[in-house]
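First to last, the sequence lines map onto chains G and D. Last residue of the first sequence: 154 (the numbering used here), numbering continuous. Last residue of the second sequence: 1188 (the numbering used here), numbering continuous.
Don't take every hint at face value.
[Said to hold, decoys possible] Here's a subset of chain G near chain D, in silico, CB distances under 10 Å, partners left out:
#1 A15
#2 E32
#3 L49
#4 G53
#5 W58
#6 C133
[What the hints assert, rightly or not] In silico SDA-like pairs for lysine to any residue, Cα to Cα no more than 20 Å straight-line:
#7 G:K9 x D:P1074
#8 G:K9 x D:R1065
#9 D:K1007 x G:E32
#10 D:K1007 x G:D29
Just so you know, the hints here were simulated from the structure itself, not pulled from any lab data. Even for Gly, the Cβ is constructed at its ideal location relative to N, Cα and C.
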Amino acid sequence: MAELPPFQKLIDEHAALVMAVLRGAVGRDGAEDAFQETFLAALRAYPSLRDAGNLRGWLVTIAHRKAIDHHRARGRAPVPVSSVREEAVFDPDPADGELWRSVAALPPKQRAAVTLRFASDLPHEEIAAALGCSPEAARRSLHEGLKRLRKEMA
Amino acid sequence: MTATVDKSLERLRERAAAEGLLDVAYATADSPFGTLLLARTPQGLVRLALPSEDVEATLADLASRISPRLLEAPAQLDEERRELEDYFEGRRQEFDLPIDWQLSNGFLLRARRGIAAIPYGETRTYTDLARQAGNERAVRAAGSACSRNPIPLVVPCHRVVRSDGTPGLYAGGVEMKKRLLAMERQSG
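Produce the complete structure using the sequences and hints provided.
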C-alpha cells in the first residue's frame, strides 16, 4: 500500500491549479460546481488509490472528466472561455456534443492532453507538469489524441 | 482568486462531512502552552497533539493509521475548542466530549479509561493506574499509557504522578505538567 499524504495536503498544494484548469475548461460559471465534483470524487476514491506518485496529475485528470461531463450535459451551448490565445483553436461550435463524446473516449493521457491544451489553453510545459510526464511525452499524447479525433470526426 | 477558492473549500468541507467523506477533521486551538492540534472522527475526539509535537508528523500518522481522508475543518471541532478554552480559563473541570478510543487497545486502553476517570484537581500514581487496569506489576506499561496518550489534557495523564510525589515525565514537558497541576489545585 502506498503511503498517502493527508488529503488536506493535496488541497493546499493543488486546489488553485484545479480551479484554474476548470475555469479554462468550463468557464467561470461552471467552474465552482465542477470544482466541488472534482474534489468530492477525489475524496471518494482517495483511500484506494494505489500510486501516490503523481497526485497533481491524478487530480487534474479527474478535473478533465468533470469538465467533459459538464460539456456533455450542456450539449451544444456555447462555452465561455476566460482567455483566448491566438493559437488556441478551441472551437466549440459545430458538433460540440459529438466532439466531447469523442474526446471522452480517448485513452486517459491523450484525453487529458487534448483537454488541457484546447479547453484549458495550457502550454505544453504546463500540460507536462500536470500529467507528470516530460514535455515530449505530453506533445506526443496530444498529437496522438488529435490524430485520433481527426480520424473520427472526418 | 484565492478568496474564491477559500469559499469553494468551505463548501467542499461541508459537503464532504455531509456525504460521509470526512474521516478525520482537524483544527488548531490556542492554549497558554502554545498551539494544540485537535483531530476527530465521526465517533469523537481521537487525537490531541501538544505544542511539543510535530504537526506534519502527527497528521501523516493519522492519515496512515486512521484514514487519508483528513481535512482541516475547524467547524467540526467547535465544541472541543470551546471546552478546552473553558478548561484553561478555569471555568470547566470535566470535559463533556465524545471520545474515539481507536488508537488505544488492550491494557493501554484500560489504563487510559482509568486516567479519564481521575477527577479534576486529584492525582493517582503510576502504580495505582497499573493496578486499576488489571496488572499491578505493569507500572512501566502504565507509564507508556501516559507518555504516549493520544488525547492528553482531555484524558488527563498529567494527573498521574510518581509514588514519591514528584510529577514524573510529561509529553508536553515537566513544566507544563507542574503548571497544569498547580492550576487545578487553585481552581478546584
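List in ascending order the numbers of the hints, as given earlier, that are violated by the structure. Result: hints 4, 5 and 6 break, sorted rising.
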